[in-house]
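Could you put together the complete structure from these sequences and hints?
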Amino acid sequence: MSSTEQGTSSAAPAEPTTAPESAAAPEVPESFYYVHGKDKVVHKVSAGALQHSALIHGMISNLGYTEEQAKANPFPFENIDGDILQMVVDWCNQHKGKPTPPEDTNLPKQKEKLFDLVLAVNYLEIKELLTYCCKQVAMMVKGKSPEEIREIWMIPTDAEDEAAEKEAKKRAGKEAAGETAAAAGDAK
Amino acid sequence: MKLSKFPSLVQKEIFDNLKTWDLILLSSVSKNMKKVIKSSQTKRFKSIVPNQQVKRIVYDYGESHEGLVYIPIEPHFRHKSRWWSKETEEMSILKMVDRQDCNVAEKLIDYESGYHDNYPVVSFLPMNKESAIESIHNCLFNFFGDSVEYHWVARDHKLVIPTLQNLSVYLRIESLDNVCDTFPSSPVLKLMENIYDMTNPFSPESNFYQTESIVLNLNNETLLKVLRYFQGRQAILTCSGSFEIGGLIEFVNRWKSGEALRKLEYLEVVLRFKNRFPKTEILDAIGVKRLDETKQPPSHTVPRM
Numbered sequence: 001m002s003s004t005e006q007g008t009s010s011a012a013p014a015e016p017t018t019a020p021e022s023a024a025a026p027e028v029p030e031s032f033y034y035v036h037g038k039d040k041v042v043h044k045v046s047a048g049a050l051q052h053s054a055l056i057h058g059m060i061s062n063l064g065y066t067e068e069q070a071k072a073n074p075f076p077f078e079n080i081d082g083d084i085l086q087m088v089v090d091w092c093n094q095h096k097g098k099p100t101p102p103e104d105t106n107l108p109k110q111k112e113k114l115f116d117l118v119l120a121v122n123y124l125e126i127k128e129l130l131t132y133c134c135k136q137v138a139m140m141v142k143g144k145s146p147e148e149i150r151e152i153w154m155i156p157t158d159a160e161d162e163a164a165e166k167e168a169k170k171r172a173g174k175e176a177a178g179e180t181a182a183a184a185g186d187a188k
Numbered sequence: 001m002k003l004s005k006f007p008s009l010v011q012k013e014i015f016d017n018l019k020t021w022d023l024i025l026l027s028s029v030s031k032n033m034k035k036v037i038k039s040s041q042t043k044r045f046k047s048i049v050p051n052q053q054v055k056r057i058v059y060d061y062g063e064s065h066e067g068l069v070y071i072p073i074e075p076h077f078r079h080k081s082r083w084w085s086k087e088t089e090e091m092s093i094l095k096m097v098d099r100q101d102c103n104v105a106e107k108l109i110d111y112e113s114g115y116h117d118n119y120p121v122v123s124f125l126p127m128n129k130e131s132a133i134e135s136i137h138n139c140l141f142n143f144f145g146d147s148v149e150y151h152w153v154a155r156d157h158k159l160v161i162p163t164l165q166n167l168s169v170y171l172r173i174e175s176l177d178n179v180c181d182t183f184p185s186s187p188v189l190k191l192m193e194n195i196y197d198m199t200n201p202f203s204p205e206s207n208f209y210q211t212e213s214i215v216l217n218l219n220n221e222t223l224l225k226v227l228r229y230f231q232g233r234q235a236i237l238t239c240s241g242s243f244e245i246g247g248l249i250e251f252v253n254r255w256k257s258g259e260a261l262r263k264l265e266y267l268e269v270v271l272r273f274k275n276r277f278p279k280t281e282i283l284d285a286i287g288v289k290r291l292d293e294t295k296q297p298p299s300h301t302v303p304r305m
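Sequence order for the protein chains is Y and L.
Each residue of the first sequence is one higher than the one before, counting from 1 in full-length UniProt numbering.
Each residue of the second sequence is one higher than the one before, counting from 1 in full-length UniProt numbering.
None of these hints come from the bench; they were simulated from the model.
One or more of the hints may lead you astray.
[Said to hold, decoys possible] Below, a sample of chain L positions facing chain Y; criterion: calculated Cβ distance under 10 Å: (1) 3; (2) 9; (3) 22; (4) 25; (5) 111; (6) 129.
Don't be surprised by glycine CBs; every beta carbon is placed ideally from N, CA and C.
Set out below in structure tokens:
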């Protein structure tokens with residue numbers, strides 16, 4: 001497994017070198033966690049940034065890892081492409097501890113990237129980012145004709161839906177027949 | 001990007017970000033898509049007109065080359081309303097523009113004409129206007145079916161009124177004089193309103209008398225004719241000149257006897273300016289019984305409008 005620590009180096013805000021004079025309490029050192037996607041590239045992300053993800057936040061709360069344990073056991077997200085996970089990590093870092101703005105213009109413009117990002121963000125339960133992504137997906141069909149909408153979102157025609165339904169029924173019938181035959185064989 | 005691959009909650013959030021018109025267009029793409037949209041957007045479509053008995057979609061195409069499609073909040077016939085009853089509150093769905101420089105190439109409708117007051121604008125060539133409006137209506141009808149009424153507001157009797165499935169017509173016009181000659185004989189109107197006093201009565205056979213609701217400004221002659229021949233359900237009639245009570249008495253007596261006007265539910269006659277309404281004379285003439293105020297009056301239920 002290769003390991004990079006892109007999360008903190010590229011997008012996270014620099015940590016203050018000295019504590020503010022007015023601060024009475026000593027600053028608590030920030031804890032970090034590690035995640036990787038399908039490409040196994042590990043990203044180091046602060047607990048503050050990961051708070052955006054209800055899924056990861058829940059995992060952290062339940063596991064109670066120390067920093068050493070967290071480093072040794074990165075959270076695996078095998079269903080998320082590496083570049084998509086990188087986008088998510090960057091977004092979490094950029095919005096760490098900040099109120100989220102009403103719009104986000106930095107989302108990918110390419111359809112397939114946005115599609116993968118929506119699925120990843122939904123899986124990781126990052127509510128604000130999901131809202132932005134859904135807005136962007138909705139924008140794709142504004143001012144389009146029904147045929148253009150069909151093309152953009154790959155919506156099957158009625159005939160295609162009917163054919164798929166028939167096919168699914170046929171498959172289900174075959175599977176059921178196979179199971180019955182297997183059960184009869186077992187009984188013998 | 002395959003929309004159906006998104007979990008239903010994600011699909012719902014995407015739909016929440018679409019305008020009503022975009023959802024209607026999307027639902028026209030396939031039966032399955034319509035089903036998905038209807039089930040996930042139930043709340044939105046229920047909340048459109050929560051307090052209205054009859055839901056309506058109005059096409060309002062004025063003298064200009066622009067029209068609006070909207071869902072009005074108020075009912076189309078309001079009691080005590082003697083004014084030009086333009087809907088004041090509405091939820092706009094779409095703006096339609098017919099223009100020569102429309103960039104449509106081979107398409108019937110240009111869907112990319114931008115937004116006006118936060119609702120979509122579509123445009124089409126004037127020569128394609130009827131087909132374009134039919135196509136828009138078909139999309140709306142495909143989505144709402146006969147769960148709503150579809151009303152075409154005609155503000156100029158010379159303009160063409162499209163023949164569309166389930167469409168009723170409102171005539172809202174400044175002057176009704178000479179309309180008979182130019183206005184299409186069908187369909188039967190849902191509502192008729194005017195601003196200036198009508199001075200030439202319709203012929204007794206005119207199907208204008210079958211209009212469901214009328215809010216008209218009349219003179220004595222036209223008021224008497226309307227009272228004589230009206231066959232609709234609701235009428236608010238304002239008379240500008242001196243008024244012969246004989247016509248009203250005859251009308252009420254025919255209504256009471258049940259020989260005519262069986263559909264009539266509501267009548268309001270207003271005398272404008274300084275005309276005195278001869279209340280006692282009329283009440284006596286139509287045989288209204290005086291009740292002993294110490295006794296319980298009989299109850300009577302009228303149909304809801």
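Hints and how they fare:
Interface hint status for residue 3 of chain L: upheld, as the beta-carbon distance to the closest one in chain Y is roughly 4 Å, under 10 Å. Taken as an interface hint, residue 9 of chain L checks out: its beta carbon lies about 8 Å from the nearest beta carbon of chain Y, inside 10 Å. Given hint, residue 22 of chain L at the interface with chain Y, holds; its Cβ is 6 Å from that chain's nearest Cβ, closer than 10 Å. Hint on residue 25 of chain L holds. Least Cβ distance to chain Y is approximately 5 Å, under the 10 Å limit.
The interface hint given for residue 111 of chain L holds, since its Cβ lies 5 Å from the closest Cβ of chain Y, which is under the 10 Å cut-off. Look at residue 129 of chain L: its Cβ only gets to about 17 Å from chain Y, farther than 10 Å, so that hint breaks.
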